[in-house]
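One-letter residues, chain by chain:
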Amino acid sequence: MAVALRIALGLITVGCIVLFISHPIWFPAGVSAQSAPLDHNFRVAFWVLGALFVVGQLVLIWVLVKPGTDREPKKNWYGNGRLEIAWTLAIAAIFLWFHLSGNRLWSNISSHHSVADAVQVEVTGVQFQWYFRYPGPDRRFGRVDAQRFARADEGNPLGIDPADGAGKDDIVSSALVLPAGRNVELVLRAQDVVHSLFIPAMRFKQDTVPGMEIHSHLLPTQVGNYEIACAELCGLGHYRMRAVVRVVSEEEFEKWLRAEASQ
Amino acid sequence: MKAGLITEARRHGEERDFLRTYVFTSDHKMIGRQYFFLSLAAVLVGAWLSLLMRIHIVWPKTAIPFFGEIKPENYLAYLTMHGTLMVFFVLSMVPQNGFGTFFLPLQLGASEMSFPRLNMIGFWTALLSFFVLMAAFFVPGGPSGAGWTQYPPLSAIALAGPGQALGTDLWLVSIGLFCLASIMSAVNFVATTVTRRAPGMAMMRMPLTCWTWFVTAILILLAFGVLVAAVIMLLLDRHAGTSFFVPGGLLVSGKPVEHSGGSPLLWQHLFWFFGHPEVYIAILPAMGVTSHLLATFARKPVFGYKAMVGATIAIGALGFMVWGHHMFASGMDPHAGFAFSSLTTAIAVPSAVKTFNWVGTLYGGRIRYTTPLLFSVGFVSLFITGGLTGPLLAQPALDVYLHDTYFVVAHFHLIMAMAGLFAIFAATYFWFPKMFGRRMNERLGRLHFCLTLFGAYATFMPMHLLGIAGHPRRYSELTGVQYVTAMLPLQRFITLAAIVTLAAQLIFLFNLFWSLRKGAAAEANPWQCTSLEWTLPSPAPPDGFAARQPAVNHGPYEYLPGTESIEDFVMQDAPAS
Numbered sequence: 001m002a003v004a005l006r007i008a009l010g011l012i013t014v015g016c017i018v019l020f021i022s023h024p025i026w027f028p029a030g031v032s033a034q035s036a037p038l039d040h041n042f043r044v045a046f047w048v049l050g051a052l053f054v055v056g057q058l059v060l061i062w063v064l065v066k067p068g069t070d071r072e073p074k075k076n077w078y079g080n081g082r083l084e085i086a087w088t089l090a091i092a093a094i095f096l097w098f099h100l101s102g103n104r105l106w107s108n109i110s111s112h113h114s115v116a117d118a119v120q121v122e123v124t125g126v127q128f129q130w131y132f133r134y135p136g137p138d139r140r141f142g143r144v145d146a147q148r149f150a151r152a153d154e155g156n157p158l159g160i161d162p163a164d165g166a167g168k169d170d171i172v173s174s175a176l177v178l179p180a181g182r183n184v185e186l187v188l189r190a191q192d193v194v195h196s197l198f199i200p201a202m203r204f205k206q207d208t209v210p211g212m213e214i215h216s217h218l219l220p221t222q223v224g225n226y227e228i229a230c231a232e233l234c235g236l237g238h239y240r241m242r243a244v245v246r247v248v249s250e251e252e253f254e255k256w257l258r259a260e261a262s263q
Numbered sequence: 001m002k003a004g005l006i007t008e009a010r011r012h013g014e015e016r017d018f019l020r021t022y023v024f025t026s027d028h029k030m031i032g033r034q035y036f037f038l039s040l041a042a043v044l045v046g047a048w049l050s051l052l053m054r055i056h057i058v059w060p061k062t063a064i065p066f067f068g069e070i071k072p073e074n075y076l077a078y079l080t081m082h083g084t085l086m087v088f089f090v091l092s093m094v095p096q097n098g099f100g101t102f103f104l105p106l107q108l109g110a111s112e113m114s115f116p117r118l119n120m121i122g123f124w125t126a127l128l129s130f131f132v133l134m135a136a137f138f139v140p141g142g143p144s145g146a147g148w149t150q151y152p153p154l155s156a157i158a159l160a161g162p163g164q165a166l167g168t169d170l171w172l173v174s175i176g177l178f179c180l181a182s183i184m185s186a187v188n189f190v191a192t193t194v195t196r197r198a199p200g201m202a203m204m205r206m207p208l209t210c211w212t213w214f215v216t217a218i219l220i221l222l223a224f225g226v227l228v229a230a231v232i233m234l235l236l237d238r239h240a241g242t243s244f245f246v247p248g249g250l251l252v253s254g255k256p257v258e259h260s261g262g263s264p265l266l267w268q269h270l271f272w273f274f275g276h277p278e279v280y281i282a283i284l285p286a287m288g289v290t291s292h293l294l295a296t297f298a299r300k301p302v303f304g305y306k307a308m309v310g311a312t313i314a315i316g317a318l319g320f321m322v323w324g325h326h327m328f329a330s331g332m333d334p335h336a337g338f339a340f341s342s343l344t345t346a347i348a349v350p351s352a353v354k355t356f357n358w359v360g361t362l363y364g365g366r367i368r369y370t371t372p373l374l375f376s377v378g379f380v381s382l383f384i385t386g387g388l389t390g391p392l393l394a395q396p397a398l399d400v401y402l403h404d405t406y407f408v409v410a411h412f413h414l415i416m417a418m419a420g421l422f423a424i425f426a427a428t429y430f431w432f433p434k435m436f437g438r439r440m441n442e443r444l445g446r447l448h449f450c451l452t453l454f455g456a457y458a459t460f461m462p463m464h465l466l467g468i469a470g471h472p473r474r475y476s477e478l479t480g481v482q483y484v485t486a487m488l489p490l491q492r493f494i495t496l497a498a499i500v501t502l503a504a505q506l507i508f509l510f511n512l513f514w515s516l517r518k519g520a521a522a523e524a525n526p527w528q529c530t531s532l533e534w535t536l537p538s539p540a541p542p543d544g545f546a547a548r549q550p551a552v553n554h555g556p557y558e559y560l561p562g563t564e565s566i567e568d569f570v571m572q573d574a575p576a577s
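Same order as they appear, the protein sequences are chains A and B. Residues in the first sequence are numbered from 1 upward in steps of one, following our numbering. Residues in the second sequence are numbered from 1 upward in steps of one, following our numbering.
Derived by calculation from the structure, the hints in this document are not laboratory data. Here the structure is a predicted model, which is why all the values come from computation and not from measurement. Every residue, glycine too, gets a C-beta built ideally from N, C-alpha and C. Just so you know, not all the hints are guaranteed correct.
Stretch-level coverage of chain A by chain B, calculated; a stretch enters the list once three of its residues show a Cβ under 8 Å from a Cβ in chain B [stated by the list, open to error]: (1) 51–61; (2) 231–240.
Part of the chain B face toward chain A, derived, beta carbon under 10 Å [said to hold, decoys possible]: (3) Phe18; (4) Leu19; (5) Leu180; (6) Ile183; (7) Thr370; (8) Ala520; (9) Ala521; (10) Ala524; (11) Asn525.
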């Protein structure tokens, strides 16, 4: 049984290595400014923790291989203070370094930094649909009161107050259209329950919480279409609460805005 | 006539004896067995639900024999019930209330707990809580579909989905009752540990199982008190017009909601202030069992006993300061992320100390490869694997990407569910003789171990990849989002692995029930273990140590080097040499 156990643990270790090295699926290619630093931190974490995984399993197999002897040295019978302190400090040092690099990334990623002249888009999660609102030529969002004015079938799903002049030119879209290479400020809201705007290709995720207005930032870098999924359980249609981000060139974006505004 | 009366009276007396012995009993050993079988019922339902979910994800249109097709709304109900049953009624209940209630007094050298009747009331409250939870399957709309985390407003508003009406009320009442039951039991654990230790049983002579039961009981007192408040507040929001968790201006399913001023994040803070310590409530006793068993079967003392005690306390204390790491993407101030991230990474240190000391305990031991030892080694392997993704998820930026994806599902199933389950299996094979007076079949045990170990890894390792590729969790179907649809092949593989793993558990069930009736009779100390429960005959008699008060003269893990004889250990109550 001893041998079988070692073989089983060995096979599992090898299997895990093969699975992760060959990885049939992996991150989608990153298309936002925060993708590269985030992927870098993940890679470092992957190799450091992967190495600790392999070492851990191998040591476990090794202590099972090592036979007990009758002339067991008594000094390590109940423990070994020095060894324990050394090990604790070593692992604490690795994790401290690891943690500091994580904190650096957290303070650097663009989602926390507001930039002047960012494109403003309001994101609203509604069971089971995303709405994206642009302020229009006046650069101001109209007041919203979902309880009084929201009528999805009459073209006003968000409930923009018809009495508010700022809302007259607001554009509401079911796709998130963004210009490549420009900073975007997302204003995230929810009409009913908690949702989460997840754009894997942009390494972006932010919950949308009823009663809160969360500001988050994004810098798309590549033209193309990318999927949005909902990442917070929001009810029956959670699995199909999908939308698309369409990243276009800056000229095309302005053209799209003008076309939408004239409608 | 007279004779008839006597028989009648005797029969009546026997019935009362039966009820007093097996049902309304304040004997901690019988209550421990009751918890064990309650958890067994819960794990059967929970595992069955996971099977249904796995099948539904990859073959949504397939009807299951004798069961029928799984409807889309059922998936979320199964998910909620699976999580609730497994976290509360299995992972928290067996290691602490099951084995702890049975063995804490015996290992301390006491014949009863401090408050035997409170112990009994605690079990009956837990049983009632289980029935209330199960009742949700039979009400209109079915069980809640808001997950075991029950985030409002989804959980606060009946309009938000099927199961959000009566099903959610039942969930909240059930969990409230469960909190009360756990608190009653934990009070008993703390009082018993503090006041009922045998003469000579200093705190630092307690087996590590007792230490983890003791620290876990304190965690329960602090954490479940918060959850019980939170579920009452949510019930008030639902039925008494309060607005703790529901803000104003909501429009749900086209209907205005009449609430104002509440905060959904308040629930998340309260829930995770309970929810994270809960993880340690589940895993600390599992760690205690692993330490105890590795020493017993390596025939060596636990390596670094003092460090193990320190690490147990450190994990328990730090566990209360890390709840925010569940909320990096919630809209909480990003500055808070730094604090929660630091404290979370700090927990990795005492956890690593424990791992090191388990390996140190095995090092150079004369290892006896019994089934309990196999499962304990499996625990260490799974703890390493599942634990190492912890520091990764503690980095807020990485966590935000991986949060609510299958990566997290893989992480907590390995570190909490699988590791926890392996410790539960180890404890079952180990203590079965003392609980039921018979031995479980070793050969079946080994087979069960092998299949379960491979099955656990095959099921949960690939889930990391799903999460890395951005597969959100709690998706009832894969058809809604295109990049998710593309992951169907890997999902199918996981389902097959899960089916094999679950099928392997039939071996355990057969072994358990067969051994209950037909297993070989167990001697008093079949494993040559040092702790006090093994000084009693098997099964442990109802009156425990009876008139004999054990006196403790030795530490918990006095295994001697250099002896090949069977007497290579010193019982804790052996006369001082």
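*Under the criterion of a CB-CB separation shorter than 10 Å, is Phe18/B in contact with chain A as hinted?*
violated, 42 Å
*For the region 51–61 of chain A, do at least 3 residues have a Cβ located nearer than 8 Å to some Cβ of chain B?*
Coverage by chain B holds for the region 51–61 of chain A (6 residues, Cβ < 8 Å).
*Verify the interface restraint on Thr370/B: the C-beta must sit less than 10 Å from at least one C-beta of chain A.*
Where the cut-off is 10 Å and the nearest Cβ of chain A is about 9 Å from Thr370/B, the hint holds.
*Taking the least C-beta to C-beta distance, is Ala521/B closer than 10 Å to chain A?*
violated, 24 Å
*Once the shortest beta carbon distance from Ile183/B to chain A is found, is it less than 10 Å?*
violated, 29 Å
_Less than 10 Å between beta-carbons is the criterion; does Ala524/B satisfy it with respect to chain A?_
violated, 25 Å
_Evaluation of the interface hint that places Ala520/B against chain A, nearest CB under 10 Å_ = violated, 19 Å
_Evaluation of the interface hint that places Leu180/B against chain A, nearest CB under 10 Å_ = violated, 27 Å
*With a cut-off of 10 Å, does the beta carbon of Leu19/B approach a beta carbon of chain A closely enough for the hint to hold?*
Violated. Min distance 44 Å.
*Count residues of the region 231–240 of chain A with a Cβ under 8 Å from any Cβ of chain B, then say if the count reaches three.*
It holds: at least three residues are needed, and the region 231–240 of chain A offers 10 whose Cβ sits within less than 8 Å of chain B.
*Proposed interface contact between Asn525/B and chain A, which counts if any beta carbon pair is under 10 Å*: Violated. Min distance 21 Å.
In the structure shown, a violation is registered for the earlier hints numbered 3, 4, 5, 6, 8, 9, 10 and 11, in ascending order.
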